[in-house]
Amino acid sequence: MIITLEKKEFGEAVASVGKFAERKSATLPVLAGIAIVAGDDGIKLRATNLETGIDLKVKGTIKTQGVVALPATTLKEMTSSFSGSGEITLEHTGDTVIVSSSTGRSTLKTLSYDDFPTLPYPDAPTTRFTISGAVLRALIGTVGPCASPSMVRPELASVLLALESGVLKCVATDSFRLCEKKVSIPGNLPDFSLLIPAKNALDIVSTIPDEPIEMLIDEHQCAFSWKNGLLTTRLVTANYPDYKQIIPKAFVSEAVVLKKDLESAIRRTAIFADSFQKVRIGLDPAAKQVTLAARNSDVGESSEKIPASVTGESVELSFNHRYLQAPLSAITADSLTLSASGIGRPLVIKGSGDTSYLYLVMPMNQ
Amino acid sequence: MNKSDPHELWEYVLSQVELSISPANFNTWFRDSFIVKIEEGIIYVGLPSQFFKDWYLKKFHILLLKIVRGVSHDFRNIEYMIVKDDKRKQKVENRKPVQQTVEMPLNDFYINKTDNLNPRYTFETFVIGSFNELAYAAAQAAIKQPGLTYNPLFIYGDTGRGKTHLIQAIGNQFKKLYPNRKVFYLTAETFGQDYYNAVQGGTMNRFKDKYRQYDLLIMDDIQFFSKKDKTQEELFHLFNALHDNNKQIIFSSDRSPSNIPDIADRVRGRLSSGMTIDISEPDTESRMAIVRKKAANNGIILSDEVVEYIATSVAGSIRELEGVINSVVCHTQVKGVPPDIAEVRQSLRSFSRPTKTVSVKHVVSKVAEFYGIDEESIYEKTRRREVVRPRQVIMYLLREDFSVSYPTIGTKLGGRDHTTVIHSCEKVKREVATDAELSKEIQDIRTLLV
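Chains as they are written, first to last, in our numbering: chain U, -1 to 364; chain C, 7 to 456.
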């Protein structure tokens, strides 16, 4: 195989594809590699960790066709050190690949391509639709971090993507907080629902371009396909909890505050949070303010007052401050609504006038 | 080696595969796979994802087939299936030691999409009392011989008596006993909706096939079929199809088949052709058992006093009882100890329906009636013993249950001073704590006043 590629473009492709190579060493060595396929339909880079897989086209010229697998980490280190523009040539001979540019020349050991797995592709998808990559990234990128990092309950370590009567919802929860983001999808699509492992989903949305993406879904696999590439991930086939029943329908107290006020108050109060990261938050309708307080026997204590319009009863709840900070970056509105449903019950955070985003957080024990 | 034992067979296969491929390959591809079942000479191998399935078919199929044929020629083929995540063994992970944030009760909200059953409803959590033991026995009989003993089984009773719990528990139990048979639970409303969609979308055949495939069909709240002629007709045909094939059908409703209005006679006849049982109002003992069990399910032991108080003072359905227990559970989780009777009484006040502005006259007449004395004598200035006691009880009730002010009570009960009222209330309150008979009397009067 002999191919010539543009340095910068090759570097970017390697960086994207490299994320999907296996990082653990205990498995098949070739999984830690990137396969370079030079065939009739151009040059493709391919990587998989058996959870997700990617196939990405790169521009370049093929002198001789062929396939080769190279270790992802070495390739990434090499390409990230490239500077300036220019072309490089990859030449495969025996069990090495010679990478040569106008200034230098390196020889890389190859991995055995024979063991490189094929990427599963939903041949008979039950659902297929097209969505803008930017929208998909906004959806999954917003809720994804709320999914559980533990694999004990696979459904909670996943992101739910569900279409219900024209509204695409994306939900994640780790059972301590829950995040939901909605967007309406034009066109008349049948309803569907799928669970993507959250880690894979975040890797995928950081890779897909803004252009329209076609999603092909079957029972076990979901593929994201666009002009220059294809990504595929396994799906989780567990049942997602009926989370809507958790969302309180009535609130005892509601406060509207400026986002920047709350953001800086939390940041200041969090310094004094104890080892459980506990921050007390109070909604006070009489004084028209939201109070934040924290106490750490080693550091000291602090309290903050934020002007707010508060309706309902006066209520005080404790939260992990990380869980309170998390939604702020996802809310674009200037002001936000905190809705409390009582002691020991969840607090709902929304951007004022924004119905597309909902964040629900459970309080801490008093 | 026992070749019909999937576990042993797979162990043997693995030991052979290990010899023919590299350790890295073996670790990557065979670590998470296992034999799901062996049926009619076909071995079903469970794999984690499509990646594995594709690769097995491409690389290992011939090798595996050769190995199992070596064991026995009875094995005709190997099929690969992707197993559900929740069925796969999970590595035991150490949970983070401290997480103070209250967890959402997500476990309560799982509904299985293929059969619509809520796994929370089982016989283990079902409280049996005199009010529902007949229904329970019929349910057990229906499970033992589905489709034969009582078909259809028709259970009715007022809202919140546990109909849904019972019929869903039947479904869950059925699933456990007969894993290969199909169960489906739905409400009459869903059925109607589905029918309507099928008519609109022209998918009538699919609709018919869908419901005819089940071995046990559970339909809740069928009183909603009243006046819906077309849906009734569809139910009629479905009923016949299932019944003729000895498939079990279970219905629930809030009234008996003969009392469901506007329903075709042929449907009505069929509904009551099997076994029709009602669930009546739970008695106090059953209510106490329910409170105790529900609390225990949440890991909370309540004192007898509290249990009794909740069981007797929360009038209405079991659903309302559950609501109160949930608030007690929440209280316990937040404070760390179960509430005592005073706290429960406090929190029940917010739970009970908005206190009716009850007329003093109404209370007086009920209490007088209870003690069998003349209503007028309460208002008089008499201090006869048989009148004084009821009068004090009236004052106590007006104050405790209806929060009427002391002076108002005094004026309404024949112009007495408010200090007299305070004294009476205090006295009764003291005595209630020690005198079981008095407390029972007041309990009884309270039920009269609801």
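Keep in mind the hints are simulated off the structure, nothing from the lab.
Take the hints with a grain of salt, since some may be wrong.
Stated by the list, open to error - Okay, the calculated beta carbon distance ranges per label pair:
no. : chain 1 : residue 1 : chain 2 : residue 2 : range
1   : U       : Val133    : C       : Arg325    : 38 to 44 Å
2   : C       : Glu24     : U       : Lys225    : 31 to 37 Å
3   : C       : Glu287    : U       : Thr353    : 30 to 36 Å
4   : C       : Ser232    : U       : Phe274    : 52 to 58 Å
5   : U       : Asp112    : C       : Leu71     : 34 to 40 Å
All of these numbers come straight from a predicted model, not from anything done at the bench.
Just so it is clear, CB atoms sit at the ideal spot from N, CA and C, and this is done for glycine as well.
Hints, one by one, checked against the model:
1. U:Val133 - C:Arg325: 38 to 44 Å: Hint holds: Cβ distance 41 Å, inside 38 to 44 Å.
2. C:Glu24 - U:Lys225: 31 to 37 Å: violated (44 Å)
3. C:Glu287 - U:Thr353: 30 to 36 Å: Given range 30 to 36 Å: violated, Cβ gap about 43 Å.
4. C:Ser232 - U:Phe274: 52 to 58 Å: holds (55 Å)
5. U:Asp112 - C:Leu71: 34 to 40 Å: With Cβ atoms ~21 Å apart, the hint is violated.
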